[in-house]
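Enquirer: Turn these sequences into a full structure, and let the hints guide you.
Number of protein chains: 2
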Amino acid sequence: MQTHPIAQGNFRYAALADEIQDKILSGQYRAGEKLPSLRKLHSRLGLSISTIHQAYIELEKRGRVEARQKSGFFVKPLEKSPLPLPVKPVTSEPPIRVRINDLAETIVSDLQRPDMIRFGAAVADQELMPLKQLSRIAKSMSVDEICAGMALYDDCAGAMELRYALAKMMMGYAGSAAVDEIITTNGCLEAVNLCLRAVAGPGDVILVESPVFHCFLQLIEDLGMYVIELPGCPEKGMSPDAFESMLSNNRVKACLLNPNFQNPLGSVISTPGKKAVLEIAHRHGTPIIEDDIYGDIFFGPRRPTTFKGLDTTGNVLYCSSFSKTIAPGLRAGWTLPGRFYKRVMRLKLNSQLASPSTGHIVAARFIESGAYERHLRRLRNQIKNQVSAMSIAVAAHFPKDTRITFPQGGMFLWIELNKAIDAMDVFHTARQKGISFMPGIICSTTDRYRHCLRLSCGLSWSDRLEKSIAQLGRIVCALNKE
Amino acid sequence: MQTHPIAQGNFRYAALADEIQDKILSGQYRAGEKLPSLRKLHSRLGLSISTIHQAYIELEKRGRVEARQKSGFFVKPLEKSPLPLPVKPVTSEPPIRVRINDLAETIVSDLQRPDMIRFGAAVADQELMPLKQLSRIAKSMSVDEICAGMALYDDCAGAMELRYALAKMMMGYAGSAAVDEIITTNGCLEAVNLCLRAVAGPGDVILVESPVFHCFLQLIEDLGMYVIELPGCPEKGMSPDAFESMLSNNRVKACLLNPNFQNPLGSVISTPGKKAVLEIAHRHGTPIIEDDIYGDIFFGPRRPTTFKGLDTTGNVLYCSSFSKTIAPGLRAGWTLPGRFYKRVMRLKLNSQLASPSTGHIVAARFIESGAYERHLRRLRNQIKNQVSAMSIAVAAHFPKDTRITFPQGGMFLWIELNKAIDAMDVFHTARQKGISFMPGIICSTTDRYRHCLRLSCGLSWSDRLEKSIAQLGRIVCALNKE
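Quick note, the sequences are listed as chains A and Z, same order.
Using the working numbering, the first residue of the first sequence is number 1, and each one after it goes up by one.
Using the working numbering, the first residue of the second sequence is number 483, and each one after it goes up by one.
Errors might be hidden in some of the hints.
Here are some chain Z residues the structure puts well away from chain A; computed CB gaps all over 12 Å [stated by the list, open to error]: (1) K562; (2) E948; (3) L961.
With a cut-off of at most 25 Å between alpha-carbon atoms, the simulated BS3-like pairs for lysine-lysine come out as follows [unchecked claim]: (4) Z/K621 with A/K139; (5) Z/K570 with Z/K901; (6) A/K132 with Z/K650; (7) A/K76 with A/K236; (8) A/K139 with Z/K614; (9) A/K400 with A/K433; (10) Z/K650 with Z/K757; (11) Z/K949 with Z/K882; (12) Z/K882 with Z/K505.
It is worth saying that the hints were derived from the structure and are not from the lab.
Positions of the beta carbon are idealized from the N, C-alpha and C atoms, including for glycine.
Expert: Below you can see the structure in the form of structure tokens.
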């Protein structure tokens with residue numbers, strides 16, 4: 001047995017810790033992965049068991065690994081970003097009539113091609129979804145139940161069983177959400193659609209945080225509305241002061257916000273920040289549509305608060321769905337439209353009468369059984385690890401002047417390239433290599449984010465993904481030199 | 483055995499036929515019901531078998547009964563209306579900003595109260611729906627299929643299996659409907675909603691046939707559009723000449739029509755009429771949204787043609803669903819938006835991404851198995867008989883100056899009372915007695931139909947329904963005298 005070079009040094013444990021840390025930071029050991037056992041390293045490196053154990057304890061102190069009882073040591077996700085944060089834009093434009101659909105359509109159709117490595121799609125990998133459990137629930141429905149579900153137009157407010165389960169589920173974070181304040185929808189986007197139409201009409205100005213989820217812009221365009229963008233901080237989201245001055249200087253009809261793990265930034269507005277925003281919006285008589293679809297995918301110890309949970313005025317229209325956490329095909333979304341309840345109900349009734357109930361009842365039973373909470377614990381860990389792996393890969397393969405967000409939840413990384421690079425050039429080249437992602441250009445009505453891109457971390461990390469990020473990195477590097 | 487009085491007359495068979503006919507016209511013998519056998523009447527009335535047989539043959543000649551091989555004689559539905567047809571209004575107003583929602587909401591919420599005899603609801607009775615068969619199909623879906631359906635956002639155009647089945651099904655009447663021309667929707671109303679938004683915007687004028695389905699008006703109000711009403715003939719629908727002059731004298735952006743078994747009139751625009759309308763609309767560059775939801779419920783020998791099937795220009799946006807024929811809870815609707823395909827797809831994508839697929843796949847398999855055609859044959863007969871029974875009951879219990887439609891399909895009767903009567907007065911009194919129906923006032927933006935009402939014939943006929951119609955009749959008679 002040959003002695004490992006670092007075995008000769010003085011602080012052998014520290015040198016070993018450094019070596020393992022390098023492997024973690026280069027992505028060789030991945031977040032969530034188990035490190036080799038003490039015995040295995042002992043026989044491989046010729047170091048004493050106690051030296052190796054000391055190295056692992058050192059890595060634990062540095063926040064790189066965690067000990068799990070009787071299981072050994074595991075790589076932890078990154079505790080800080082390997083690259084600097086994106087720069088918050090300071091420019092602000094007047095309200096703009098939205099015209100983004102044509103560009104977005106080309107891009108989004110590429111995101112759906114199954115032959116692509118899809119870093120653009122905002123969904124978790126199928127293998128992270130509890131599909132087997134859900135299908136067992138679906139299979140266990142009785143003939144009588146199925147008949148009852150098909151026989152009638154369902155209550156326009158939605159399946160009582162789901163509303164009941166949601167009311168209980170949201171108790172901790174969305175105020176005293178009562179069953180009769182909830183309206184179920186065909187996914188979160190329908191909820192946002194109904195809420196937007198309930199509070200604003202064509203020609204009205206909607207305030208959004210920028211960069212913004214492109215579907216919001218597309219929806220606003222379809223509704224003939226205008227948009228005003230408030231640039232958000234990559235960590236804390238929009239500042240209440242900037243919000244106040246926006247509302248004072250513009251005739252903003254409503255706000256459409258994503259305060260928890262904003263898509264694409266991943267930012268979270270703090271609880272005091274949310275309270276301040278609520279107070280300002282209420283004072284200006286401006287309703288807030290809150291999209292909380294990523295709120296359950298938090299990486300920290302606690303679920304973030306919501307506008308809804310802090311609101312006492314009915315001014316908040318809360319929207320969410322299970323598309324990111326359980327299964328997009330269930331189309332189980334909902335809204336709590338506060339004082340706009342009647343208008344949202346009318347719009348739902350007049351545009352589709354009722355939602356299909358089967359998928360909604362499956363979701364309800366999944367939550368009620370307690371399985372949703374257990375599933376979320378696993379899902380959060382997995383996505384947190386994937387975000388970590390993706391960050392490390394980007395840091396390893398992209399140019400050194402790249403900036404990147406360090407989200408504490410959700411499933412996106414927002415990447416800022418050198419300002420000289422047009423992410424659409426990267427997009428077109430990557431597309432030929434079978435890789436797709438979301439170019440920043442469609443996250444604004446301006447071309448402010450032309451050098452930015454969004455990567456989704458929903459896919460289970462693998463060597464194939466690592467190689468694709470390396471390839472993306474090479475494309476960016478080549479453009480950097482031009 | 484006592485001899486029946488008519489046994490002494492000269493044309494005994496004719497007298498017996500008259501007597502049975504009276505019973506049919508008064509509703510004692512109902513459409514679809516089997517008449518007493520020759521033997522039974524023989525022993526009951528003391529008439530010879532051949533006299534009774536002759537009476538039945540006479541009734542067959544008069545179109546009142548039909549002989550079924552080895553089963554006997556059955557009462558046929560009415561061949562002409564027991565009351566005169568409603569009068570076609572001639573007045574015509576300029577385009578009107580729609581404001582109908584508040585009134586409609588009160589009325590519609592009453593229509594849904596389960597404790598009511600609901601003559602207002604536009605649905606067939608649960609026992610007429612193939613719920614058992616559908617639930618068997620749902621139960622037979624494999625875990626893998628269910629998982630696949632839940633795992634992804636479905637193709638925005640909708641489940642391929644349903645689109646395939648629809649393309650085959652519509653072959654006879656909707657042109658060469660190809661799979662990739664079809665977009666599935668959450669019921670017919672969502673299809674109409676998407677199509678309206680694809681062809682027109684706020685402030686635009688939509689032409690409808692009057693009286694009109696109140697949900698169309700509510701939807702148009704929500705979209706901030708104006709409406710212009712073209713009064714339809716209770717039999718033939720709107721006249722192409724009147725249509726031509728409407729388009730020439732107004733800036734009509736689109737037409738929303740219900741050419742087959744119009745809701746509420748039950749009228750059908752003939753094939754030459756449809757061709758003329760198509761040509762006129764095309765010449766004026768005005769798209770036609772065609773709601774064909776009642777097209778499959780025809781009482782005659784053949785399904786009526788559709789605008790879609792006769793169109794060669796792509797100017798027709800066809801909409802339908804299985805809510806009236808199979809099960810409303812499946813939420814299986816679809817549209818063929820012709821040359822507006824891309825715009826409808828975009829609106830669907832941006833407002834809800836995808837439809838839930840389970841119910842749609844169940845519908846697809848039901849059609850593909852051939853069960854839909856068999857089911858329709860039964861359903862048409864049943865609804866035709868129910869329409870007949872309802873007409874007879876109205877003729878028996880309503881004032882003599884009542885007018886009524888004689889629809890050849892669909893499931894409604896449109897009733898015109900004496901002009902002095904306000905159907906809302908009838909509505910409020912009937913409501914206290916636990917009976918609801920659709921007052922005509924919400925079928926127009928004007929108060930042109932204040933003395934009219936719509937009765938749905940979806941409910942299986944029974945003594946209880948007969949008594950409720952009698953009660954309605956008494957309420958109307960009492961108001962007639964005031």
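Enquirer: Next pair to validate is Z/K949 with Z/K882; report whether the Cα-Cα distance is within 25 Å.
Expert: 18 Å, holds
Enquirer: Within a Cα-Cα threshold of 25 Å, do A/K76 and A/K236 meet the stated pairing?
Expert: Cα-Cα ~24 Å, so holds.
Enquirer: Examine each Cβ of chain A, and state whether all of them lie more than 12 Å from the Cβ of Z/K562.
Expert: 34 Å, holds
Enquirer: Can the restraint linking Z/K621 and A/K139 be considered satisfied, given a maximum Cα separation of 25 Å?
Expert: 7 Å, holds
Enquirer: Z/K570 and Z/K901 were given as a pair; does the straight-line alpha-carbon distance stay at or below 25 Å?
Expert: Holds: Z/K570 and Z/K901 sit about 13 Å apart, inside 25 Å.
Enquirer: Holds or violated: Z/K882 with Z/K505, Cα cutoff 25 Å?
Expert: 19 Å, holds
Enquirer: With the threshold set at 25 Å, check whether the alpha-carbon distance from Z/K650 to Z/K757 stays at or below it.
Expert: 23 Å, holds
Enquirer: Just to be careful, I want the Cα atoms of A/K139 and Z/K614 compared with a cutoff of 25 Å; is the pair within it?
Expert: Distance ~16 Å between A/K139 and Z/K614 Cα, so the pair holds.
Enquirer: For the pair supplied as a hint, A/K132 and Z/K650, confirm whether the alpha-carbon distance does not exceed 25 Å.
Expert: With Cα atoms ~33 Å apart, A/K132 and Z/K650 exceed 25 Å; violated.
Enquirer: So Z/E948 supposedly isn't at the interface. Is its beta-carbon more than 12 Å from every beta-carbon in chain A?
Expert: Consistent with the label, Z/E948 stays out of reach of chain A, its closest Cβ about 24 Å off (over 12 Å).
Enquirer: Is the nearest Cβ of chain A still more than 12 Å from the Cβ of Z/L961?
Expert: 31 Å, holds
Enquirer: Within a Cα-Cα threshold of 25 Å, do A/K400 and A/K433 meet the stated pairing?
Expert: Holds: A/K400 and A/K433 sit about 23 Å apart, inside 25 Å.
Hint 6 from the earlier list is the only one contradicted by this structure; the remaining hints agree with it.
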